[in-house]
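Starting from the known structure of chain X, arrange chain A on it as the hints suggest.
Heads up: the protein sequence lines correspond to chains X and A, in order.
For the first sequence, the working numbering begins at 6 and goes up steadily by one.
For the second sequence, the working numbering begins at 6 and goes up steadily by one.
Check the hints yourself; a few may be wrong.
Identical copies carry no separate label here, and so any pair may be met within one copy or between two of them.
To be verified - Here are the computed lysine-lysine pairs in the DSSO-like style, where the Cα-Cα straight-line distance is at most 27 Å:
1) Lys-115 with Lys-29
2) Lys-209 with Lys-172
3) Lys-77 with Lys-24
4) Lys-85 with Lys-7
5) Lys-327 with Lys-77
6) Lys-129 with Lys-71
Hints were generated in silico from the structure; no laboratory data involved.
Protein chains: 2
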Amino acid sequence: MKLVFSQHDLQESVNIVLKAVPSKTTMPILECILIDASFNEIRFTTNDMELGIETVVTGEVVEKGKIALDAKIFSDIVRKLPNSQVTIETNDRDVATITCEKAKFDIPGKPGDDFAHLPAFDRKDFITISQFSLKEIIRQTIFSIAVNENNKLMTGELFEVRNNILKVVSLDGHRIAIRNLELKDSCPDKKVVVPGKTLNEISKILSGEMDDPVNIYFADNYLLFEFGQTVVLSRLIDGEYFRIDQMLSSDYETKIVINRQEFMSCIDRATLLVRESDKMPVIINISENNMELSIDSAIGSMDENMDIEQTGRDIIIGFNPKFLLDALRVIDDENVSIYFVNAKAPCFIRDDNGHYVYLILPVNINVNAGR
Amino acid sequence: MKLVFSQHDLQESVNIVLKAVPSKTTMPILECILIDASFNEIRFTTNDMELGIETVVTGEVVEKGKIALDAKIFSDIVRKLPNSQVTIETNDRDVATITCEKAKFDIPGKPGDDFAHLPAFDRKDFITISQFSLKEIIRQTIFSIAVNENNKLMTGELFEVRNNILKVVSLDGHRIAIRNLELKDSCPDKKVVVPGKTLNEISKILSGEMDDPVNIYFADNYLLFEFGQTVVLSRLIDGEYFRIDQMLSSDYETKIVINRQEFMSCIDRATLLVRESDKMPVIINISENNMELSIDSAIGSMDENMDIEQTGRDIIIGFNPKFLLDALRVIDDENVSIYFVNAKAPCFIRDDNGHYVYLILPVNINVNAGR
Chain X
6 MKLVFSQHDL
16 QESVNIVLKA
26 VPSKTTMPIL
36 ECILIDASFN
46 EIRFTTNDME
56 LGIETVVTGE
66 VVEKGKIALD
76 AKIFSDIVRK
86 LPNSQVTIET
96 NDRDVATITC
106 EKAKFDIPGK
116 PGDDFAHLPA
126 FDRKDFITIS
136 QFSLKEIIRQ
146 TIFSIAVNEN
156 NKLMTGELFE
166 VRNNILKVVS
176 LDGHRIAIRN
186 LELKDSCPDK
196 KVVVPGKTLN
206 EISKILSGEM
216 DDPVNIYFAD
226 NYLLFEFGQT
236 VVLSRLIDGE
246 YFRIDQMLSS
256 DYETKIVINR
266 QEFMSCIDRA
276 TLLVRESDKM
286 PVIINISENN
296 MELSIDSAIG
306 SMDENMDIEQ
316 TGRDIIIGFN
326 PKFLLDALRV
336 IDDENVSIYF
346 VNAKAPCFIR
356 DDNGHYVYLI
366 LPVNINVNAG
376 R
Chain A
6 MKLVFSQHDL
16 QESVNIVLKA
26 VPSKTTMPIL
36 ECILIDASFN
46 EIRFTTNDME
56 LGIETVVTGE
66 VVEKGKIALD
76 AKIFSDIVRK
86 LPNSQVTIET
96 NDRDVATITC
106 EKAKFDIPGK
116 PGDDFAHLPA
126 FDRKDFITIS
136 QFSLKEIIRQ
146 TIFSIAVNEN
156 NKLMTGELFE
166 VRNNILKVVS
176 LDGHRIAIRN
186 LELKDSCPDK
196 KVVVPGKTLN
206 EISKILSGEM
216 DDPVNIYFAD
226 NYLLFEFGQT
236 VVLSRLIDGE
246 YFRIDQMLSS
256 DYETKIVINR
266 QEFMSCIDRA
276 TLLVRESDKM
286 PVIINISENN
296 MELSIDSAIG
306 SMDENMDIEQ
316 TGRDIIIGFN
326 PKFLLDALRV
336 IDDENVSIYF
346 VNAKAPCFIR
356 DDNGHYVYLI
366 LPVNINVNAG
376 R
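One chain only, chain X, in its complex shape (with noise of 0.2 Å):
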C-alpha cells in the first residue's frame, strides 16, 4: 500500500476516528486505526464496539491496500509533522513508513483483515437536522444523564420522534431535561435510547455550523450519523425509557420571572461555602417580588437578595445549588420562568414555547430552621 496526503487533511481526518479509540479495551486491535485503500478511496475506520466512526479521507492511492496502526502513536506522529506532503507506504511484513519532508518514521502495523469492520447498515428511516443543532440540543440535556451505571437506561438520552418532532430526554432520578426540536421533514415515529457516552463523543466532531447538515438514521440496534464525508455508528441501549409524562404537571402555585445571568452569579457566590462533599442546600425564599438565597455552612454563611416578578403564593424550598445552575447554564434566554408547587415537588424550569423544560427535585428542608 502507498497513500500520498497533505498533513492538514491526514490530521482532520485522524482527529476524527480517534473518537471512537477506546482508552481501555482487551482486544489490541481495537486500539487501531484501519487505513482501508483496498479500492480507489482511502477511509479511516475505528469501533469500540459501542461507537463506531468511518471517515473519507483526501489523498491519493498510489498502490491499493491496507493496514491498521495504533491509534496514539500515528495520531503522535501525524501531529508532529510540519504541514506538508505526508506518504504511508507499507511493506510484506505490515510495518508502515511514514515519511515527510526530510523525516522518517517506521511504525509496526497489524494487518488489516484483523480489524472488527462496522455492521452493515440499513438506510431507511432518517432525519435531517443541522450539525448546530445536533451539537446544542446534546450540550443542553447531557449534564442530567447518571453517572453510574446502576441503571443503564439513565445513563443514556432519550431521542423519540413523534409528529415530526425530535423530543430528547435525559434523567438521573433528581432531574429531567427535555429539550425539544421541529422538524422539516416527516419521518414515521420513532424512539431509542442512545448512550451518553457516544453523544459526548459525536458533539465533539460536529462542526457545529448551522449550514451543514447530519442525517440520522433509525435501525434496530444503531443509530447512524452522517455527516460530511464521515458516518458514525451508535450502538443503542435496550429496554422501555421512563414514562415521564406523568411527572411533567402544568399546574402550579408559584410563578416566577428571574434574570438567568443573576440568578446563576448568585448562586455560584452561594456555592463558595459549600463543601463537594457536604451537599449543603441553598435555601430560596420568594416572598413580595423578592427571592432571598441563603447557605449556612460549616465554613460561613451567606444571604442574597434578588428582584423577581412573582405571580401567586410565597415559598420556602431548597434546592442542590449544582443541579440548577446546572440547567440554567444551558438556557439562551435572558429571563427564566420557574414554576413550583410546593417545597416538595419538583420545580419547572420552561418557556412558553415548549422548546425545553428542566425538572428539578427539592431538598428536604426543615422550614422553621430554615432561617
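Just chain A now, kept in the frame of chain X:
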C-alpha cells in the same frame, strides 16, 4: 475594623499574596491572609515560612483593626463578587462580614495578632533590574534545578553579583544553565542560593514589563524583592554552591550552527517514540554539514536529516532529548551554536556575547550499534 475596596483592587492584591499560602501546613494560621489596617494603610500579608509576601492594598480605612481570614475561602469569595464596592467589617468575635451589592457573607476569622509577621529587614545592598528581566532569567534557568531534595543546594538557583554582572545558575547533575545580565548601577559582590520554589512563585506575580523595576535586596538569610506596592521575602538555602567554573571549557573539537526551531521540531518528533520511563537517547550523527537525528525504540524507529554549518570533526553522540529541548526552548536566537568535545564529554550551547551557557551531559551509547 471596617474597610472599603473596589472589587478589582481587592482581587488584584489577593492574587498577589495567595502565592505564599502553603497548600499543606501544620499551622492553620499560615493558611490565612493577614489583613492589617492598624494604621491608615491596608496591608495584606501571607507567609509560608520559606516565602513571605506583603502588599499595600488600595482601599479606605473606615475603622482601624486587623484580622486573619482563611486564604482559600476569602479569595474564592472575592473572585466571585461583582465588580463593585466591597466592604469588610469585623465584630468582636472575629467574624468578618463581607458585603457587595446585595450579597452578604459571614465567615469566621482569627485574631490578627496570631499571625507570624515577616522578619524585620535591613534594606542596604541591592540591585535594580526590570521585572521583565527577572521574570525572563528565572524562566531561562528554573527548568534545570533538581526536583528531588537529596541535595538541597540543587533545588535552588545561584544568584551571584560580581563586577556588576548578575549571574544566575541552576544545575541538577546532568546539566547546567547559566544566564548573565549586566547591571546598570554598582553593588558589592554577593553570592546567595535562592529556593527554586520561591522563584517560581515570584515569577508568577511579576508584571513582566520592561519599564517596571524590581529592587533585589541582599541580607544574610533572606533575599527581598520589592516592586510596585509589594515586597516578597525569600529565605535562602545555606551552603557553598557548586564550583562550576572548572566544568566550563572553551575548547571544542566540533562546532555546529543550527536553526533552533527546526532542531526543536525534529527532537519533538523523535520523542514521540519514547515512553516517559524509557530514557531512550536520541542519537545525533554530525558529518559533512548534515545532522542525522535518529531514535530506535520498542514503538518504532525514526530518523531525520537537517542542514547545519559544521566546523571541525565528525561526531556521533547521544542525548536525553528532554534536556536538549528544555535548553533550546528558552533561547530566543534564531540559530544556536553547539560545541562538542567527544561522545562522552558535555556539549555546550552558548552565544558569542556570553549571555547564556547551557551545558548538557551526553548519554553513553554504543557507537557501533548506534547505526
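Tested hints:
no. : hint                 : verdict
1   : Lys-115 with Lys-29  : within (18 Å within a copy, 49 Å between copies)
2   : Lys-209 with Lys-172 : within (21 Å within a copy, 49 Å between copies)
3   : Lys-77 with Lys-24   : within (11 Å within a copy, 37 Å between copies)
4   : Lys-85 with Lys-7    : within (21 Å within a copy, 57 Å between copies)
5   : Lys-327 with Lys-77  : between (35 Å within a copy, 20 Å between copies)
6   : Lys-129 with Lys-71  : neither (30 Å within a copy, 74 Å between copies)
In summary, the structure is inconsistent with hint 6 from the numbered list given earlier, while agreeing with all the others.
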